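**Q** The residues making up each chain are set out below.
Number of protein chains: 2
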Amino acid sequence: MPEQPELTIQGWGPGGSRVATVREGLDGDEGSLELDTDPDLAGALPRAARRHLSRELGWTPRSTPPVRVSEIRIAPSRLPGDVRAAMAALLGEENVATDRESRLRRTGGKSYLDLLRRREGDVSDAPDAVVSPGDTDETAALLALCAERGVVVVPFGGGTSVVGGLSGIDPDDRPAVALDLGRMASVRDLDVPSSLVTVGPGMRGPALEEALARVGLTLGHLPQSWEFATLGGYAATRSAGQASTGIGRFDELVAGLTLATPTGVLELGHPPASAAGPDLLGLALGSEGALGVITELRLRVRPKPRTATYEGWSFRSWAAGLAGLQRLARHDLLPDVVRLSDPDETRANLLMAGGTGARVLRGSLRARGHGQGCLLVVGWEGLPTLVRARRRAAASALREGGAVRVGRKVGESWRRHRFDAPYLRDRLLDSGLLVETLETAATWTALPVVYDAVRSALARSLGRDGRPPLVMSHVSHGYPTGASLYVTVLADRDDDLPIQQWLAAKREATDALLAAGGTLTHHHAVGADHRPWLEREIGPLGVEVLRAVKQRLDPTGICNPGVLLPD
Amino acid sequence: MPEQPELTIQGWGPGGSRVATVREGLDGDEGSLELDTDPDLAGALPRAARRHLSRELGWTPRSTPPVRVSEIRIAPSRLPGDVRAAMAALLGEENVATDRESRLRRTGGKSYLDLLRRREGDVSDAPDAVVSPGDTDETAALLALCAERGVVVVPFGGGTSVVGGLSGIDPDDRPAVALDLGRMASVRDLDVPSSLVTVGPGMRGPALEEALARVGLTLGHLPQSWEFATLGGYAATRSAGQASTGIGRFDELVAGLTLATPTGVLELGHPPASAAGPDLLGLALGSEGALGVITELRLRVRPKPRTATYEGWSFRSWAAGLAGLQRLARHDLLPDVVRLSDPDETRANLLMAGGTGARVLRGSLRARGHGQGCLLVVGWEGLPTLVRARRRAAASALREGGAVRVGRKVGESWRRHRFDAPYLRDRLLDSGLLVETLETAATWTALPVVYDAVRSALARSLGRDGRPPLVMSHVSHGYPTGASLYVTVLADRDDDLPIQQWLAAKREATDALLAAGGTLTHHHAVGADHRPWLEREIGPLGVEVLRAVKQRLDPTGICNPGVLLPD
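Just so you know, the sequences run in chain order A and B.
Numbering follows my numbering, in which position 395 of the first sequence is assigned residue number 395; successive positions increment by one, without gaps.
Numbering follows my numbering, in which position 25 of the second sequence is assigned residue number 25; successive positions increment by one, without gaps.
The shape of chain A in the complex, shown without the other chains:
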């Protein structure tokens, strides 16, 4: 099993070691890691991009480094000694840790707010201990113990949440433990004829892909957090991956799972399909640790694709791009990977790419009237004959919609850099920028309205001296009925009140996207950050239904009380 490196405490990337081996394992790519190896902003951003940002945002690059990890002060553990002893008796002494390093590494996730706090040295949300059960029974016993003794449990997989999913907030301020899934991180069974693999929840994508590759199989779920996120985390947050348009959201890859709760164990899901009552598996997916802990997953795998083709297309405008995708969608012609950047993101990507190739491409697009256009990256994977037929049919539909093909280099470049953004973010945070993302989804009819609403709200909230923030958007997943919208925002950071600055912007953007018909989140989950809006999406009675389920499974409310359900 390949090493599963832990994330650094204050940002993205493995603590100390290079991640190159893992990433090269996926595509056999070379030369994709330039952002990791150059420590300063000048290396992270081409000069043109830096100039562009300064000009657009009124931002002066400045040094805003994090405090040293060694200077971070952590409060003493509040876990009562007898509880600690009972846990050690249950799990073994070596699986109950209260040392500084263990607790720091399981403090919060990787949202902009998390990073701001960690960079300032604030670890007030650190768990009081880190406990590591080895199987379902130990997890269930641990949860029962915690329920009895009033200890909050926050499941910890890769620690990659970007919505405050690991905040550990508890209205009763009880001691809290991070339940680390690292000991349940292996392949437990492989049923090749049924295309099913059974795994522990702490396993990560790279390790699973390596195991599957040996028998010619793949899971294929590739979110941006792929290097660090765990399979259990994908299930708990209803993750989507970069190829989800083709192979489905993570929800659709889960054929079954085991959920340990304080009141017992649920075995859910019956592949291939059942009509025996409401779907309880769907209640565990997206439960974010608030109903219990996922201790096993049965996942749908598939043969490794025999061919994979990535290419770029360009549309003259955002409206034309959306119309083009919608046309593909309704005829079931969507590629496996689809990513349509709006004009702002397209321009930024071309600037970021730097080099001669990008300059030539910019010139060529301008010459064709696509100077303010939108780049579309598509990826096709599978059996060569089918990929050929699908690509041909889609190409003809795209051309009818006014798109022009810009070749494979754009597609391959995207693919090489598909996991880079969070690394780059750390560099930008070092230089006085606000950098955060948000995402939603909407029907094809509502999507343009949602897009405008989010941009306006962010501009209103983050504009300074008449200069709006840089808001870059793309469609990242397509469906017959609509698409997701992923938004990256850069602004000059308010060095005095950076957290408040973002909270205000997030509030305005979320209100706006919900009012326009967007979903609260397409694939980042609720966490702590979206809790105030959950009722707007599922209604007060929907919240009450979830509460009734939680009350049955977790009557003392020890399971990740800071997420999902509003106070």
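It is worth saying that the hints were derived from the structure and are not from the lab.
What you are looking at is a predicted structure, and each value in this text was computed from that prediction instead of being measured.
Each hint should be verified, as a subset may be incorrect.
[Claimed, not checked] Among chain A residues calculated to face chain B with C-beta under 8 Å, some are:
#1 L190
#2 S194
#3 A255
#4 H270
#5 Y423
#6 P448
#7 R460
#8 S461
#9 T481
#10 A515
#11 T519
#12 L534
#13 E535
[To be verified] Distance condition first, Cα-Cα at most 20 Å in a straight line; then the derived EDC-like pairs of lysine to aspartate or glutamate:
#14 B/K304 / B/D191
#15 A/K304 / B/D332
#16 B/K304 / B/D344
#17 B/K304 / B/E412
#18 B/K304 / A/D332
#19 A/K409 / A/D420
Every residue, glycine too, gets a C-beta built ideally from N, C-alpha and C.
Place chain B on chain A using the hints.
**A** Here is chain B on its own, set in the frame of chain A:
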């Protein structure tokens, strides 16, 4: 809107009028209705098939007609006068019916047990009244009234349940009303760019397809009950249709719905996708009226396929057939319609077909060593270029698996007769036969074991004088991880204790298929008939979770208390 004919009280088919117009609307077929127009068994079964059945089952064809409908005695309505008046004040006098005909027509469903009872003149499960709300608000108000006054509510769509879904059983023996959905049966909105149609739950497939065809769209959900079942019923029971392998189960076609409950209204589902907590839409799907009443549905539609090709293939054996399908499944090469008959069903189908064509086919299959073989019907629908590529790739995989193509006639014949079986059943019931179906699903690995287990159990339970029943099976839906198994059983009926005869067989078969790893039901739902086994599928804690949800939405237990949850 086309007429939505009601089912006859004691069997299948419209009460009095021919259904031909509806069925011809779908395929433009001719000559598919011979079974409707000939009243006697000789017309329903070719001579060879009749001889075959007599010989195999030790069955002597005999006349076992139902009692006349006019002779059926129904108990007086128990609905208290003041409750009736309150309902009439809410819905209008014309929408609260207590007359004999209205109540008889909403008594039970169409399982073998239902038909036995109705044919014997037993309507002890008749509702005390039939109420017809016109919208969500009226439905919610009605449910609140019923909760207050202790009146059980059984939603009634097409009345096609085959698992006792409309039994109306109530442990407290309170008065019961059938909540007829017939007034909520129209298209309410059509969002063409988003491929979404909003409909009332009482609408049926033929009416919706007619409305969609006008704008070049289709829903494409075609279960055997298509002529009579309602869209709300599909959602409430997690239906699958004959093309579900291609377009997905009904679950996957529901983008959203409104559920009126005694404690309020839930608006569920956010197309195209959301990660905001557990999937509450999935709790309403398959809720079988036990949580409330579905009053609106938002469904995913698609362009009418530009081409449709149906054809037959033959495998030398059941094992080879399953292996062939599994190979298609794992490479995502499954056709849109897939139906693999086992040797018993294949032989019966060829006998039933009669005529020269079938004789020639039988001879040709014998000559190729497929005399005990399995017929596979496949259907491809969609864009011609893609259908061509998929068919070609699948054909090559099928040939590698030893299958031989037997041409389009077999496929087209299946398609012409796709809705015939329930009509034929009535004729067989008239002649002293037991005729019933059951269905399950299993992973590709478990499927052969489940198949053997079900056949053995039915043979054990229904065999007589050393002669086993005729058990005919087919795979009706394929998935990457497994497939469904649909079993039709014919036996000499025990004229003295026909209900007990089937209850014993059903019990043995269900115990066996669950022990072998099958699901309790693949697409018929739980109803009253599967309640005793629900806990075996979802576990005691799973049942408790459902109870907690029901308690929150329906605290007085008036919503279809006879189904889904065990006593």
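**Q** Tell me if A/A255 is really an interface residue toward chain B, meaning its C-beta lies closer than 8 Å to one of theirs.
**A** holds, 6 Å
**Q** CA of B/K304 to CA of B/D191, is that 20 Å or under?
**A** holds, 16 Å
**Q** Under 8 Å is the threshold here; is the Cβ of A/P448 close enough to any Cβ of chain B for the hint to stand?
**A** violated, 10 Å
**Q** Using the nearest Cβ pair, does A/S461 come within less than 8 Å of chain B?
**A** Hint violated; A/S461 Cβ to chain B Cβ min 22 Å, cut 8 Å.
**Q** Decide if the proposed pair is consistent with the structure: A/K304 and B/D332, CA atoms, cutoff 20 Å inclusive.
**A** Status holds; Cα separation ~12 Å.
**Q** Quick one, are B/K304 and B/D344 close enough, alpha carbons at most 20 Å?
**A** The given pair, whose Cα atoms are some 35 Å apart, is violated under the 20 Å limit.
**Q** CA of B/K304 to CA of A/D332, is that 20 Å or under?
**A** The hint holds at about 12 Å.
**Q** Let me know if the C-beta of A/R460 comes in closer than 8 Å to any C-beta of chain B, holds or violated.
**A** Given a least distance of 24 Å, the restraint on A/R460 is violated.
**Q** Hint check: is the beta carbon of A/E535 less than 8 Å from a beta carbon of chain B?
**A** violated, 10 Å
**Q** Could you grab the alpha-carbon distance between B/K304 and B/E412 and see if it respects the 20 Å cut-off?
**A** holds, 19 Å
**Q** So, A/L534 near chain B? Judge it on the closest CB pair being under 8 Å.
**A** holds, 6 Å
**Q** Using 8 Å as the Cβ threshold, decide whether A/T519 counts as touching chain B.
**A** holds, 4 Å
Consistency note: the structure conflicts with the earlier hints numbered 1, 5, 6, 7, 8, 10, 13, 16.
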